[in-house]
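K.L.:
In case you want the letters, here they are:
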Amino acid sequence: MATTTNYSWTTPDDTALVKDGASAIRALGTAIDTSMNTALGTKKAGMVLLNTTSFSAVSSVSLPASTFTTTYNRYKIDFRALTSIAGTDIDGRLRASGTDASATDYYHQLARASGAAFYAERTNLNRWYIAGSVGDTTGETASMFEIINPAQSVKTTAVAVHTGQPGTTGSILSYTMAYLHNLTTSYDSMSFIPSSGTITGTVSVYGYNK
Amino acid sequence: MATTNKIKIQDGEEVIELLGADKEAFLADQKARADENALLEAEYKAKQDSRESAIKKLAEVAGLTKEELASIL
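Quick mapping for you: the protein sequence lines, in order, are chains A and B. Note that the first sequence covers residues 10 to 219 in my numbering. Note that the second sequence covers residues 739 to 811 in my numbering.
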């Protein structure tokens with residue numbers, strides 16, 4: 010009897026008799042039901058991978074349209090970038106119907122640690138300032154965003170942790186950020202835009218199931 | 739090479755080349771962001787340096803190492 014690769018569910022052989030089809034379907038359905046119940050019980054998967062976008066040598070990368078919907082309130086964004094130009098900053102803008110929101114509605118509260126030195130700042134800009142010196146030819150930056158209610162008609166907020174200067178030995182920085190976008194507009198995507206040069210990397214978006 | 743004049747942006751899975759007014763607008767925005775970010779970084783560094791200097795002076799007065807005082811503050 011043939012079995013599936015991962016869970017070894019029994020499936021009919023090519024030579025099995027058609028008259029045994031109903032039994033075979035019932036056995037397969039029961040096996041799947043048992044496996045799903047073992048994995049999740051009555052629960053749902055807590056986090057859903059919505060999309061992963063790879064980009065190479067681009068001046069801006071936007072998440073696919075309709076990444077943010079009212080299906081989820083909270084999203085985790087795993088943004089990873091390499092850039093060929095050390096010192097490049099990454100900016101972020103919310104996006105609706107294919108257009109970045111570029112008015113001065115973005116606020117951030119920044120806590121920046123460099124060695125024993127610590128600095129805090131609250132700033133109002135026309136984008137979210139994500140991290141200074143995000144990477145170089147050898148270092149990969151990691152930015153973990155938790156973005157809240159981007160598609161709901163309320164103000165969008167976010168918290169994030171970013172690495173800065175990851176490829177510069179002995180100079181790595183940490184940024185802990187709180188973000189606010191001061192409009193109640195619904196946004197369906199977000200863009201990541203270096204302040205110079207181009208970026209290469211991946212960005213994945215996960216939705217938290219309610 | 740002509741390709742050096744192109745600006746590529748990625749919208750989801752689609753890569754778009756910016757030309758003409760769109761390209762100029764992107765470059766103007768990019769320059770403004772870069773200048774502003776450079777000022778922010780310079781400000782962060784200046785304030786960090788100022789704080790470091792103050793900690794060093796305080797540490798001398800208090801008879802502590804800079805690290806000991808920084809851990810208290």
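Derived from the structure by calculation, the hints contain no laboratory data. One thing to keep in mind: the hints can contain errors.
Residues of chain B placed beyond 10 Å of chain A at every Cβ, according to the derived structure [claimed, not checked]:
(1) V753
(2) A759
(3) N775
(4) L778
(5) K795
(6) L796
(7) E798
(8) G801
(9) L802
(10) A808
Residues from chain A that face chain B, not an exhaustive set, calculated with beta carbons under 8 Å [claimed, not checked]:
(11) D23
(12) V67
(13) D100
(14) A126
(15) S204
(16) S205
(17) G216
We put the beta carbon where it would ideally sit given N, CA and C, even for glycine.
K.L.:
Could you run down the list of hints and mark each one as holding or not?
P.N.:
To see whether the hints hold, each was checked on the structure:
The beta carbon of B/V753 sits about 7 Å from the closest Cβ of chain A, which is not more than 10 Å, so the claim that it is off the interface is violated. No Cβ of chain A approaches the Cβ of B/A759 within 10 Å, the least distance being about 15 Å, so the stated non-interface status holds. With a cut of 10 Å on Cβ distances, B/N775 falls inside the contact zone with chain A, its closest approach being about 4 Å. Its closest Cβ contact with chain A, about 7 Å, brings B/L778 to no more than 10 Å, contrary to its assignment away from the interface.
With a closest Cβ-Cβ approach of about 15 Å to chain A, B/K795 is found to remain outside the 10 Å limit, as its non-interface label requires. Consistency note on B/L796: stated as away from chain A, and its beta-carbon is indeed over 10 Å from all of that chain's, at 14 Å minimum. Distance check for B/E798 against chain A: the nearest CB is about 16 Å away, which clears 10 Å, and the non-interface claim stands. Non-interface call for B/G801 relative to chain A: holds, since the shortest CB-CB distance, roughly 19 Å, exceeds 10 Å.
For B/L802, the non-interface assignment is confirmed: its Cβ lies about 13 Å from the closest Cβ of chain A, beyond the 10 Å cut-off. Its beta-carbon lying about 5 Å from the closest one in chain A, B/A808 breaks the requirement of being farther than 10 Å from that chain. Annotation: A/D23 was flagged as interfacial toward chain B, and the flag is violated, the nearest CB pair being 37 Å apart, outside 8 Å. Evaluation of the A/V67 hint against chain B yields a held restraint, the C-beta minimum of about 5 Å falling below 8 Å.
This hint holds: A/D100 has a C-beta 6 Å from the nearest C-beta of chain B, less than the 8 Å allowed. Restraint check, A/A126 versus chain B: the minimum CB separation of about 4 Å is within 8 Å; hint holds. Interface hint status for A/S204: upheld, as the beta-carbon distance to the closest one in chain B is roughly 4 Å, under 8 Å. For A/S205, the interface hint holds, since its Cβ comes within 8 Å of a Cβ in chain B; the closest pair sits about 5 Å apart.
Interface hint status for A/G216: violated, as the beta-carbon distance to the closest one in chain B is roughly 17 Å, over 8 Å.
Consistency note: the structure conflicts with the earlier hints numbered 1, 3, 4, 10, 11, 17.
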